[in-house]
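A.B. asks: The residues making up each chain are set out below.
There are 2 protein chains.
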Amino acid sequence: MRVELLAVGTELLFGDIVNGNAAWLGRRLAEVGADVTTSVVVGDNVDRIASSVTTALSRADAVVITGGIGPTQDDLTREALAAAAGVPLVRDPDLEAGLRTRFAALRRDVPEMNYKQADLPAGARPIANPRGSAPGVRVEIGSGVAYALPGVPHEMERMFTDDVLPDLLRLGGQPAAIVHRVLRTAGMWESAVAAALEPQVARLERDGGVTVAFLASGGQTRVRLTAKAETYDAAVAMIAPEEAAARAALGSAVYGTDDDTLEGVVVALLRDRSATVATAESLTGGLLGAELSRAPGSSDVYLGGVVTYATEVKRDLLGVPEEVIEEYGVISDECAAAMATGVRDRLGATYGVSLTGVAGPTEQEGKPVGTVHIGIAGPAGAFTRALRLPGDRPQVRTYAVVAAENLLRLHLLGE
Amino acid sequence: MRVELLAVGTELLFGDIVNGNAAWLGRRLAEVGADVTTSVVVGDNVDRIASSVTTALSRADAVVITGGIGPTQDDLTREALAAAAGVPLVRDPDLEAGLRTRFAALRRDVPEMNYKQADLPAGARPIANPRGSAPGVRVEIGSGVAYALPGVPHEMERMFTDDVLPDLLRLGGQPAAIVHRVLRTAGMWESAVAAALEPQVARLERDGGVTVAFLASGGQTRVRLTAKAETYDAAVAMIAPEEAAARAALGSAVYGTDDDTLEGVVVALLRDRSATVATAESLTGGLLGAELSRAPGSSDVYLGGVVTYATEVKRDLLGVPEEVIEEYGVISDECAAAMATGVRDRLGATYGVSLTGVAGPTEQEGKPVGTVHIGIAGPAGAFTRALRLPGDRPQVRTYAVVAAENLLRLHLLGE
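As you go down the protein sequences, you meet chains A and B in turn. Taking our numbering, the leading residue of the first sequence gets 110, the next gets one more, and so forth. Taking our numbering, the leading residue of the second sequence gets 110, the next gets one more, and so forth.
Any given hint could be a false lead.
Which copy is meant is left open, so a pair is good if it fits within one copy or across any two.
Here are the computed lysine to aspartate or glutamate pairs in the DMTMM-like style, where the Cα-Cα straight-line distance is at most 25 Å [claimed, not checked]:
1. Lys476 <-> Asp442
2. Lys337 <-> Glu120
3. Lys337 <-> Asp125
4. Lys476 <-> Asp501
5. Lys225 <-> Glu524
6. Lys476 <-> Asp409
7. Lys337 <-> Glu140
8. Lys225 <-> Asp183
9. Lys337 <-> Asp276
10. Lys225 <-> Glu307
11. Lys337 <-> Asp368
12. Lys476 <-> Asp170
13. Lys225 <-> Asp409
14. Lys225 <-> Glu314
15. Lys337 <-> Glu524
16. Lys225 <-> Glu421
17. Lys476 <-> Asp271
18. Lys337 <-> Glu264
19. Lys225 <-> Asp367
Hint data in this document are derived by calculation from the structure and do not stem from the laboratory.
Work out the full structure: start from the sequences and follow the hints.
C.D. replies: Written as structure tokens, this is what we have:
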């Protein structure tokens, strides 16, 4: 099946907005094997939108349009679809009633302008928009189908997933249910994750079924499993054993699924244990604390910490012994252990986590950029982990925070 | 002048990459008044690229192509341009010599595959690529012009600015030099910046000349002045008085220009004064420290700090008096002043900066989300500033950090 994308909006041509919708749609369509051959952006102009729709459907089976279906004068996608289909716009009584209901709930009259959102090209059907006010449009033009969706990403994505994609798959004679499962990992680079899953991926490529994609960002790697089947339940049933196999291969590197975050998982593990944590940071300057306090409600778990950017502060505020600094330097396991123990004691936390190292751009104490020591102090004493992280200064700092959060997570899990 | 954009690359259609080049080019072309009417993405396919070029030039005066000019088998833009122009590819002796020189410097033979980068459609001229190895192509097709540039943004941007844009402006009979000047402000919302510059903008819109754009992000507002003239010097001369007028209207809200950062300016001001700073953070959890330590070399100015997420930590680690907490609460000017003084004393810094407040999602001590108190302690004592910031939890935290950095900056400037 060939699909083209058409984004409508002068603001896209001006570069005020990047066309992220096209990238998102491209990924979703590629996952189901649809062939996206062209993606076009046009401004808010009826003739250009209409001729772009006609051109797209001369080459492809379907065109997915984003943008131009709001209530204002420059929302022209409905008019353009009617022109491309050679039919008039007709007011849909159900959509009109829905408008009245929505505005009645706001104790307002429907603004005259908004009634155009109840208009559809004759023969079209609306596409429900559960996250917003503008309904989408599905209209057959010649032997092709055009789908018009809002430009607002979270509205568009929901409508595409719930309605357009199953419809496209039915048209293409394909199974109509798609289920994704994302496994989130920390502590393994993308290449190591891919290597661990290599036999499973090879088997799936040979036998078909679930597809696997790897996505690396911010020092973490996600594994996305995708299943297509006749029904939602069948797709879920296809994914379940593959998720289990991937988890078995990746072990404790998997910290969560789908929308989980590493800091959220760490905060939840601490909360489950009625434990608290305090941080002592050098090279990361406060980033670890900023991550742990990102989530609402983290204050019952994260007590605070100390940023010891200067060496004297490590000594004065954390009680890192002068001998440790003189004998091992501040870029050392010994200093990391003393920092973690110091911050745990001073803040009265269950756990202290420390980070010291070289963020760059130049070496320090003769240690190369990327050298990082993590310390964890808990009821059973302190331990450390030394790492050599790749990348530039911002990357080293980001990866160091992920490594510290992950080490605490594994420790809380008893590993 | 009408210009279309064409991006080449199957990875763009798959959504592995977002087409940021189109947004960047759209902004640059809009600034000079060019009319960008369509932007297209096609995959790595000679016929589709060639027909897209032909279609674009049937509607526009020029097409700017990004991608597909590297040395590999799927780099097909050169072949497509030759097909669209109906001419053969011809090896350019200067480009070939350049290839040999470049690889000789690496003590390697030119890989056979790379010679295709020396091929041009007959009658085309190369576009120099000072930041990479793939030369661009400028070729006239019928009455239009096609420019092919690399997909790598920093190579493409330089080549577009140095070569393509002046060439386009000459073709359009427009002045060929463009100069931008960005003024960076903090402490004023975009609407206030726009209001302060309203008379100047009205005069420029009436009389022509320099154009003004406002760009808000992360709690800061940038003002971009753009001048077009026959020569670079003339454009600079046009901008100078407008920059002076804007600075007069905005006063000390302007913290820097072009690529300056707020944290970089604060660190530089401290360094100039041989002063140091320490931070005491509550609602921001370490973000202020992370910002101040972002730049390489910040360690001679930023000593470190304390994250006092829990109330007891404010008392124990910073010496915030129990009476202050009981009488005023931790969300108060009094607590902010005590935190700033406490962290200044304990770290022996010239200045202490503190942040306490309500990041949300719920109110605290009866104070609404967005309530923020900043404290600054220095050699002359402590002072505070109370703010009510808009937005959700991440926005309140980001804006609070900007406000604290800016308050310290203004204090260092004697305001």
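A.B. asks: Next step is simple, just say for each hint if it's right about the structure.
C.D. replies: Now the hints, each set against the structure:
1. In this assembly of identical chains, lysine 476 and aspartate 442 lie within 25 Å of each other by CA distance solely inside one copy; the values are 13 Å within and 43 Å between copies.
2. For a Cα distance limit of 25 Å, the shortest separation of lysine 337 from glutamate 120 across copies, 22 Å, qualifies, whereas the shortest one inside one copy, 36 Å, does not.
3. Taking identical chains as interchangeable, the C-alpha atoms of lysine 337 and aspartate 125 lie at most 25 Å apart only when they sit on different chains, with a minimum of 21 Å there against 36 Å within one chain.
4. Taking identical chains as interchangeable, the C-alpha atoms of lysine 476 and aspartate 501 lie at most 25 Å apart only when both belong to the same chain, with a minimum of 15 Å there against 41 Å between chains.
5. Taking the shortest Cα distances, lysine 225 and glutamate 524 never come within 25 Å of each other, neither inside one copy (61 Å) nor across copies (54 Å).
6. In the homo-oligomer, the alpha carbons of lysine 476 and aspartate 409 lie at most 25 Å apart only across protomers (19 Å), although the nearest pairing inside one protomer, at 37 Å, exceeds that limit.
7. When the C-alpha separation of lysine 337 and glutamate 140 is checked against a cutoff of 25 Å, the pair qualifies only within one copy, where the shortest distance is 9 Å, while the shortest distance between copies is 46 Å.
8. Taking CA atoms no more than 25 Å apart as the test, lysine 225 paired with aspartate 183 passes inside one copy only; the shortest distance there is 12 Å, against 46 Å between copies.
9. When the C-alpha separation of lysine 337 and aspartate 276 is checked against a cutoff of 25 Å, the pair qualifies only within one copy, where the shortest distance is 14 Å, while the shortest distance between copies is 51 Å.
10. Taking the shortest alpha-carbon separations for lysine 225 and glutamate 307, neither the intra-copy value of 53 Å nor the inter-copy value of 35 Å comes in at or below 25 Å.
11. Taking the shortest Cα distances, lysine 337 and aspartate 368 sit within 25 Å of each other inside one copy (21 Å), while across copies they are farther apart (48 Å).
12. Proximity of lysine 476 to aspartate 170 under the C-alpha cut-off of 25 Å is found in neither arrangement, the shortest distances being 59 Å within a copy and 57 Å between copies.
13. In this assembly of identical chains, the alpha carbons of lysine 225 and aspartate 409 never lie at most 25 Å apart, being 50 Å within a copy and 62 Å across copies at closest.
14. Proximity of lysine 225 to glutamate 314 under the C-alpha cut-off of 25 Å is found in neither arrangement, the shortest distances being 48 Å within a copy and 34 Å between copies.
15. Within a single copy, lysine 337 and glutamate 524 get their C-alpha atoms no closer than 36 Å, and across copies no closer than 64 Å, so neither meets the 25 Å cut-off.
16. Taking the shortest Cα distances, lysine 225 and glutamate 421 never come within 25 Å of each other, neither inside one copy (68 Å) nor across copies (58 Å).
17. Proximity of lysine 476 and aspartate 271 under a CA criterion of 25 Å is satisfied in neither setting, with 53 Å inside one chain copy and 41 Å between copies.
18. In this assembly of identical chains, the alpha carbons of lysine 337 and glutamate 264 lie at most 25 Å apart only when taken from the same copy (23 Å versus 40 Å across copies).
19. Taking the shortest Cα distances, lysine 225 and aspartate 367 never come within 25 Å of each other, neither inside one copy (38 Å) nor across copies (44 Å).
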